[in-house]
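J.: Sequence:
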Amino acid sequence: MPTISQAAAQIGVSAPTLRRWDRNGTFQAYRTAGNHRRYNLAEIRAFLARTFSVKTHNTHSPLKKKEQKKCAIY
576 MPTISQAAAQ
586 IGVSAPTLRR
596 WDRNGTFQAY
606 RTAGNHRRYN
616 LAEIRAFLAR
626 TFSVKTHNTH
636 SPLKKKEQKK
646 CAIY
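Following the working numbering, the numbering of the sequence shown begins with 576 at its first residue and continues without gaps.
One or more hints might be untrue.
Computed spacing ranges between beta-carbons, pair by pair [stated by the list, open to error]:
1. Lys644 / Gly600: 50 to 56 Å
2. Glu642 / Pro591: 43 to 49 Å
3. Ile648 / Ala584: 17 to 23 Å
4. Gln643 / Arg595: 20 to 26 Å
5. Pro591 / Ala621: 54 to 60 Å
6. Ala624 / Thr592: 14 to 20 Å
7. Ile648 / Asn599: 18 to 24 Å
Since the hints were derived computationally from the structure, they do not count as laboratory data. C-beta: ideal position from N, C-alpha, C; glycine also.
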C-alpha cells in the first residue's frame, strides 16, 4: 500500500491535499498501527478513472473566428 507521498505523486496532488480529502471523506486513507496513512492501489486507480473520465467542456464545438474590422486612419 502506497504512502501518502507516493499516492499524492500518482494522483498529481500534494500530500496536504490528500490529508484534507481524508478528513472530509473525499478520498479515504487506511491507517497503520503507527497511525500513518496508506492508500489502496486499486482505489487510486478507480479514483483516477472517475476523475479523468468526466468531461469538463465540449471539445467538439468549432472555434469562432474573430471579426476583423478595418478602420481608416487620417
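J.: Each hint needs a verdict: does it hold in this structure or not?
T.: Hint by hint, here is what the structure shows:
{"no.": "1", "hint": "Lys644 / Gly600: 50 to 56 Å", "verdict": "holds (54 Å)"}
{"no.": "2", "hint": "Glu642 / Pro591: 43 to 49 Å", "verdict": "holds (47 Å)"}
{"no.": "3", "hint": "Ile648 / Ala584: 17 to 23 Å", "verdict": "violated (56 Å)"}
{"no.": "4", "hint": "Gln643 / Arg595: 20 to 26 Å", "verdict": "violated (48 Å)"}
{"no.": "5", "hint": "Pro591 / Ala621: 54 to 60 Å", "verdict": "violated (22 Å)"}
{"no.": "6", "hint": "Ala624 / Thr592: 14 to 20 Å", "verdict": "holds (19 Å)"}
{"no.": "7", "hint": "Ile648 / Asn599: 18 to 24 Å", "verdict": "violated (59 Å)"}
Checked against the numbered hints above, the structure breaks hints 3, 4, 5, 7 and satisfies the rest.
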